Amino acid sequence: MELRKPPPVRRLTGNEGYAPLREAPPWPPDTAAPTPPGVPESNGNGHHPGPAFAGVARPTRAVPIAIDRMQVEDLSVAYGAKQAVQSVSLPIRQGEVLALIGPSGCGKTTLLRSLNRLTELTRGASSSGRITLDGVDIASMEPTALRRRVTMVFQQPNPFPMSVFDNVAYVLREQAKRRPKREAVRGAVQEALARAGLLDEVADNLDHPALRLSGGQQQRLCIARALAASPEVLLLDEPCSALDPQSTKLIEDLIGRLREDVAVVIVTHNLQQAYRIADYVAFMYLGEMVEYASAQKMFGSPGEQRTREYVSGAFG
Amino acid sequence: MSSAPASLIAAPSPPPPAPVRRSESSASWRLTDRIGLGFAWLLGLLFCAIAVAIVGYFLVEGLRYLRPNLLVTNPAASVSESQTGGFLDPLLGTVIIAAMAMAIALPTGIAIAVWLSEFGRPAALARVAESGIEMLAGTPSVVLALFGTLLFEAPALGFLSQTNHGIVLGQSFFAAAAMLSLVALPMVVATVREGLQAIPSHVREASYAVGKTKIATTRRVLLPAARPSVITGAMLGVGRVIGDTAIVLLLLGGTLTFSSATSTPLLGTLRGTGDTLTGYIYYNAPTGDGNQPSKAYAAAFVLMLIVLTLNVGVDFAVRRSRAGGWN
Numbered sequence: 001m002e003l004r005k006p007p008p009v010r011r012l013t014g015n016e017g018y019a020p021l022r023e024a025p026p027w028p029p030d031t032a033a034p035t036p037p038g039v040p041e042s043n044g045n046g047h048h049p050g051p052a053f054a055g056v057a058r059p060t061r062a063v064p065i066a067i068d069r070m071q072v073e074d075l076s077v078a079y080g081a082k083q084a085v086q087s088v089s090l091p092i093r094q095g096e097v098l099a100l101i102g103p104s105g106c107g108k109t110t111l112l113r114s115l116n117r118l119t120e121l122t123r124g125a126s127s128s129g130r131i132t133l134d135g136v137d138i139a140s141m142e143p144t145a146l147r148r149r150v151t152m153v154f155q156q157p158n159p160f161p162m163s164v165f166d167n168v169a170y171v172l173r174e175q176a177k178r179r180p181k182r183e184a185v186r187g188a189v190q191e192a193l194a195r196a197g198l199l200d201e202v203a204d205n206l207d208h209p210a211l212r213l214s215g216g217q218q219q220r221l222c223i224a225r226a227l228a229a230s231p232e233v234l235l236l237d238e239p240c241s242a243l244d245p246q247s248t249k250l251i252e253d254l255i256g257r258l259r260e261d262v263a264v265v266i267v268t269h270n271l272q273q274a275y276r277i278a279d280y281v282a283f284m285y286l287g288e289m290v291e292y293a294s295a296q297k298m299f300g301s302p303g304e305q306r307t308r309e310y311v312s313g314a315f316g
Numbered sequence: 001m002s003s004a005p006a007s008l009i010a011a012p013s014p015p016p017p018a019p020v021r022r023s024e025s026s027a028s029w030r031l032t033d034r035i036g037l038g039f040a041w042l043l044g045l046l047f048c049a050i051a052v053a054i055v056g057y058f059l060v061e062g063l064r065y066l067r068p069n070l071l072v073t074n075p076a077a078s079v080s081e082s083q084t085g086g087f088l089d090p091l092l093g094t095v096i097i098a099a100m101a102m103a104i105a106l107p108t109g110i111a112i113a114v115w116l117s118e119f120g121r122p123a124a125l126a127r128v129a130e131s132g133i134e135m136l137a138g139t140p141s142v143v144l145a146l147f148g149t150l151l152f153e154a155p156a157l158g159f160l161s162q163t164n165h166g167i168v169l170g171q172s173f174f175a176a177a178a179m180l181s182l183v184a185l186p187m188v189v190a191t192v193r194e195g196l197q198a199i200p201s202h203v204r205e206a207s208y209a210v211g212k213t214k215i216a217t218t219r220r221v222l223l224p225a226a227r228p229s230v231i232t233g234a235m236l237g238v239g240r241v242i243g244d245t246a247i248v249l250l251l252l253g254g255t256l257t258f259s260s261a262t263s264t265p266l267l268g269t270l271r272g273t274g275d276t277l278t279g280y281i282y283y284n285a286p287t288g289d290g291n292q293p294s295k296a297y298a299a300a301f302v303l304m305l306i307v308l309t310l311n312v313g314v315d316f317a318v319r320r321s322r323a324g325g326w327n
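Chains as they are written, first to last, in the numbering used here: chain A, 1 to 316; chain B, 1 to 327.
Hints may contain errors.
What the hints assert, rightly or not - Facing chain A, according to a computed beta carbon distance under 7 Å, are these residues of chain B, among others: (1) 216; (2) 220; (3) 221.
Claimed, not checked - Mimicking EDC-like on lysine to aspartate or glutamate, the simulated pairs with C-alpha atoms at most 16 Å apart in a straight line are: (4) B:214 with B:118; (5) A:82 with A:288; (6) B:214 with A:142; (7) B:214 with A:120; (8) A:181 with A:207; (9) B:214 with A:174.
For the record, the hints were derived by calculation from the structure and aren't laboratory data. Since the structure is predicted, the reported quantities are computational estimates derived from the model, not experimental observations. Glycine included, each C-beta is placed from N, C-alpha and C at the ideal position.
Hey, can you work out the whole structure from these sequences and the hints?
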């Protein structure tokens with residue numbers, strides 16, 4: 001069967017890449033991050049056509065050493081009788097950005113929400129399979145403890161109705177308490193804001209209501225909030241879909257920097273975004289994971305016909 | 001075989017739509033819509049006129065009869081209207097009874113609203129509670145008052161009111177405030193619950209997603225976010241409480257002045273009987289026992305002034321605390 005050549009993707013940003021994190025072998029990252037067993041690495045017909053987004057170079061990025069953080073094993077999630085995710089297995093590594101792509105309703109958000117057990121809050125949700133965090137089954141962990149190690153940023157910017165400072169401090173304080181006091185957490189709050197690239201913009205008005213920030217700033221505040229707990233894994237559920245291109249670029253650059261310290265999993269509808277920021281990509285369709293591969297392979301020579309059609313825009 | 005008549009197929013195409021005008025007017029609407037619009041206008045103006053008439057009438061009458069000394073003197077028995085004093089005690093009574101009733105209704109109402117909106121388990125109990133609140137909202141306050149007389153005449157609750165040789169009278173600020181809190185409760189519950197449900201679910205999840213419990217989320221995120229609703233609910237509740245007359249007459253005594261149960265300064269007063277502005281108006285209305293319309297108008301004016309001040313204050317507070325919103 002003759003493959004349709006995927007159309008070129010117009011880059012929204014220039015060709016600037018992320019600053020190299022350290023001296024490391026250039027793309028592809030396969031040497032640093034071995035493919036998990038069971039995932040075919042080469043496409044059937046043997047030839048490797050290279051990146052299909054013709055004329056567009058992927059940002060050259062050095063990939064830090066990848067560390068296994070989470071392991072999803074044969075995960076299935078159902079809402080009542082409706083199967084949302086079917087036997088998905090994949091690794092989540094620190095040092096890499098994993099993008100979950102697929103059409104609407106394919107289960108990628110459900111998969112993401114399973115990683116910090118947010119699915120449990122939905123009535124009628126049931127799941128089977130196993131997810132481990134640093135070798136420990138997350139089902140055996142206290143949900144609140146798990147969610148401090150696997151934090152999440154949502155599609156809509158949703159700062160809490162308090163000051164910028166308190167939004168971050170809220171995470172650092174124990175449940176509903178007001179302690180530790182403001183001065184004791186100031187350093188940690190500023191560090192989290194700096195990691196999210198927001199400190200310079202809000203340093204003078206930390207006491208302003210967070211809901212008065214712009215949409216892009218709100219979303220970066222949400223990232224700061226998620227980082228304040230010093231998580232091992234950061235989950236992003238279409239974090240840029242409500243934002244303008246400029247804010248999107250800021251957040252994408254931020255994600256590129258963050259992946260060194262935390263494992264980043266991002267759900268995105270936007271193939272170009274996945275192409276720009278992901279190191280590994282999992283393509284989901286109708287609850288199944290069709291393919292899991294490095295971004296280069298996924299956008300270059302995907303192994304599965306359905307992936308090929310999806311990344312070329314045949315459906316979506 | 002489907003054979004559409006040729007005339008239908010060949011029917012002339014409808015005339016092109018009229019060019020869209022920039023400023024929309026109802027002239028182009030169909031007749032029924034225009035009649036509806038006119039009706040809406042008419043009703044709107046009618047209700048404005050009614051509101052203006054009530055406020056205006058009491059403004060004029062109230063200002064005519066309101067004297068500063070009415071606010072600082074107590075009702076007194078006399079045949080001459082100039083000797084019957086003012087309404088200091090009823091005014092204080094209104095303030096005291098509103099504060100006491102809301103001290104009960106606000107925390108209880110918020111707790112019920114949080115439970116219904118955020119927990120709602122067990123579902124059957126939540127449904128029962130919900131219909132209970134609705135039933136309470138529909139209960140006439142005189143029925144609540146009647147129930148209150150039964151309740152507070154019970155010997156076990158004698159410590160809340162006056163007793164006379166072992167007989168519990170059952171009339172006191174405590175008794176009236178307890179029953180009035182039931183009048184305010186449905187307003188608080190409904191408004192706070194609405195406010196909580198208006199918060200998008202992803203805001204809750206954002207709090208859970210950084211490891212917070214439901215209690216912490218409710219306490220630190222949801223209730224602050226619902227603060228405008230809490231204020232509105234409290235205001236509506238206060239409005240109902242200070243406007244109620246039946247419970248005041250039956251459970252507070254409607255005695256125009258405070259009559260302490262004991263000589264203990266505050267507790268004695270609260271265990272004793274008293275009156276509020278509504279009771280005072282009831283007594284002094286042209287058809288009431290007192291029949292001093294000028295005093296009634298002045299008191300009504302003050303009562304309306306309190307309600308209007310509350311409204312404006314709440315509007316101001318709500319607008320200030322509304323910093324922005326989520327999508």
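How the hints compare with the structure:
This hint holds: residue 216 of chain B has a C-beta 4 Å from the nearest C-beta of chain A, less than the 7 Å allowed. Annotation: residue 220 of chain B was flagged as interfacial toward chain A, and the flag holds, the nearest CB pair being 5 Å apart, inside 7 Å. Against a cut-off of 7 Å between C-beta atoms, the interface hint on residue 221 of chain B holds, since the closest Cβ of chain A lies about 5 Å away. Distance hint between residue 214 of chain B and residue 118 of chain B is fulfilled; the C-alpha atoms sit about 8 Å from each other, no more than 16 Å.
Proximity of residue 82 of chain A to residue 288 of chain A is assessed by CA-CA distance (about 13 Å); at most 16 Å being required, the pair is judged to hold. A distance of roughly 14 Å separates the Cα atoms of residue 214 of chain B and residue 142 of chain A; the hinted pair therefore holds under the 16 Å criterion. Taken as a hint, the residue 214 of chain B and residue 120 of chain A pair is honoured in the structure, with Cα atoms around 13 Å apart against an allowance of 16 Å. Distance restraint check for residue 181 of chain A and residue 207 of chain A: the Cα-Cα separation of roughly 15 Å lies within the 16 Å cut-off, and the hinted pair is therefore satisfied.
A hinted pair counts as satisfied when its Cα atoms are at most 16 Å apart, and residue 214 of chain B with residue 174 of chain A qualifies at roughly 13 Å.
Checked against the numbered hints above, the structure violates none of them.
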